[in-house]
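In this text, residue positions in the sequence shown follow our numbering: the first is 1, and each later residue adds one.
Bear in mind the hints are in silico, worked out from the structure with no lab data behind them.
Check the hints yourself; a few may be wrong.
List of simulated lysine-lysine pairs, DSBU-like, C-alpha gap at most 35 Å [what the hints assert, rightly or not]: (1) 219 x 273; (2) 361 x 273; (3) 182 x 219.
Label-pair distances were calculated between CB atoms; the ranges are [unchecked claim]: (4) 159 x 358: 47 to 57 Å; (5) 150 x 214: 18 to 28 Å; (6) 336 x 144: 46 to 56 Å; (7) 220 x 183: 28 to 38 Å; (8) 185 x 288: 40 to 50 Å; (9) 356 x 185: 42 to 52 Å; (10) 125 x 185: 38 to 48 Å; (11) 145 x 218: 12 to 22 Å; (12) 159 x 287: 48 to 58 Å; (13) 183 x 150: 18 to 28 Å; (14) 336 x 198: 44 to 54 Å.
Bear in mind that the values here come from a model prediction, so they are computed numbers and not experimental data.
Positions of the beta carbon are idealized from the N, C-alpha and C atoms, including for glycine.
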Amino acid sequence: MLDAQDAVELRALQARAYGRAGALSDAEAARLGELEAARTSESESQAAKDPRSEHVDIAPSADPSVASVPATAASAAARFAGADTAAPSGQGTGSDADSQGESLATALRRHWRLALVITVGVAVIGVAAGWLLFSDRGAAPVQLTAEQQEWQRTIVASGDFDSGSLRAMAEEEGVVISFATKNGGADVCLVLASADATAPACTTREQATIQGVNATLTKAVDASQSYDIQAQMFLTPDGRPAVIARSYITSPQSTSMFASQAEAEAAAALAEKTGLDSRSIMVAGYDDDVPIWTGIDMSTQRYCLVYDGSMPDPPMVCDDSLMLADADRTLVLEVTGVEDGEITRYEYRFSYGQQYLTVTKGSGADDAAGE
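Whenever a hint applies, use it, and build me the whole structure from the sequences.
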């Protein structure tokens with residue numbers, strides 16, 4: 001039986017013998033063998049006395065490259081693995097290190113392949129999502145009412161255009177603006193249609209690409225006013241039609257054009273309040289949603305600038321119409337805000353060539369007035 005001193009000596013010799021750089025002299029190796037033999041004899045005697053002990057046979061390795069290890073050395077190595085002087089985790093024998101290195105390399109290759117597959121998958125999904133979100137899939141189809149669809153059927157039935165070529169492109173104030181072809185596609189057409197009229201305009205593809213196609217249709221609003229719907233179509237380099245449309249309220253008694261029915265009605269009301277000639281009234285510009293008007297006073301023939309016009313006595317300023325003969329004239333109107341007392345300066349410059357309105361607010365209006 002090993003005493004405490006022998007046990008300490010055994011552990012020290014094992015550490016030196018089985019360490020990574022272990023080396024023993026002949027005397028130390030002989031002493032290690034004696035101590036291990038004594039330890040083995042002690043274990044065998046204890047196992048013989050204990051009836052519950054089971055003998056476990058260790059099958060020899062099937063791999064001839066693996067050398068057999070004596071039981072004493074194996075048990076010593078197992079005990080030594082848990083000792084404080086054991087090598088750090090992950091530092092085994094050469095064969096164990098090679099095996100672990102191969103396993104690590106295999107795992108890295110698998111992870112690299114998986115990462116590559118995931119990256120490619122995410123890229124494909126991103127490209128597909130971008131195409132769905134931002135790709136040009138053509139203009140959205142125009143939603144036509146049942147009445148407008150009937151107009152289209154009437155145009156198709158006329159036989160004036162190639163079969164199946166009529167396609168609605170836009171709608172402006174209830175007027176349907178369509179594209180069609182004639183003469184087997186040699187000519188392209190811009191077709192405007194309403195309940196009462198159809199206005200087609202056709203030209204060759206070459207001219208449509210260079211100069212475009214223009215068409216106008218007049219739609220009655222009431223006895224004194226009408227909508228003028230104007231459309232222009234160009235062909236893109238790849239042959240697709242592109243349409244621009246605009247509309248104005250006009251009157252036989254006036255040369256003015258208004259953007260909407262509400263604007264035309266406001267102009268008529270302004271003529272009654274201010275005595276301006278209704279034929280001369282037009283919108284010079286807007287300050288937010290407030291219109292700034294111009295017109296000629298019927299009694300004095302002076303040119304006037306009017307703010308808003310919705311109140312009974314709107315702010316306005318007039319100039320001598322005789323001065324219109326000058327090359328460049330300006331009308332200036334200053335309005336004080338009711339809520340904040342801020343001064344806004346409206347400067348309308350007009351000449352034979354062009355007219356434009358400048359709006360200056362706050363301190364800038366005072367500076368402009370001082371100049």
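We went through each hint and held it up to the structure:
Of the pairs offered as hints, the one joining residue 219 and residue 273 holds, with about 29 Å between alpha carbons and a cut-off of 35 Å not exceeded. Between residue 361 and residue 273, the direct Cα distance comes to roughly 27 Å. Compliance with the 35 Å bound is thereby established for this hinted pair. Between residue 182 and residue 219 the CA atoms are separated by roughly 26 Å; this keeps the pair inside 35 Å, and the hint holds. At about 55 Å, the beta-carbon gap between residue 159 and residue 358 stays in the expected band of 47 to 57 Å.
For residue 150 and residue 214, the hinted distance range of 18 to 28 Å is satisfied, since their beta carbons lie about 26 Å from each other. Between residue 336 and residue 144 the beta carbons are some 50 Å apart, a value that agrees with the proposed interval 46 to 56 Å. At about 33 Å, the beta-carbon gap between residue 220 and residue 183 stays in the expected band of 28 to 38 Å. Checked against the hint of 40 to 50 Å, the C-beta distance between residue 185 and residue 288 comes to roughly 49 Å, which is consistent with it.
Between residue 356 and residue 185 the C-beta distance comes to about 45 Å, which sits within the given range of 42 to 52 Å. A hinted range of 38 to 48 Å holds for the C-beta pair residue 125 and residue 185, which are about 40 Å apart. As the Cβ distance of residue 145 to residue 218 is approximately 21 Å, the hint placing it in 12 to 22 Å holds. The hinted window of 48 to 58 Å between residue 159 and residue 287 holds, with their beta carbons roughly 53 Å apart.
For the pair residue 183 and residue 150, the beta carbons lie near 26 Å from each other, so the given range of 18 to 28 Å is met. For the pair residue 336 and residue 198, the beta carbons lie near 53 Å from each other, so the given range of 44 to 54 Å is met.
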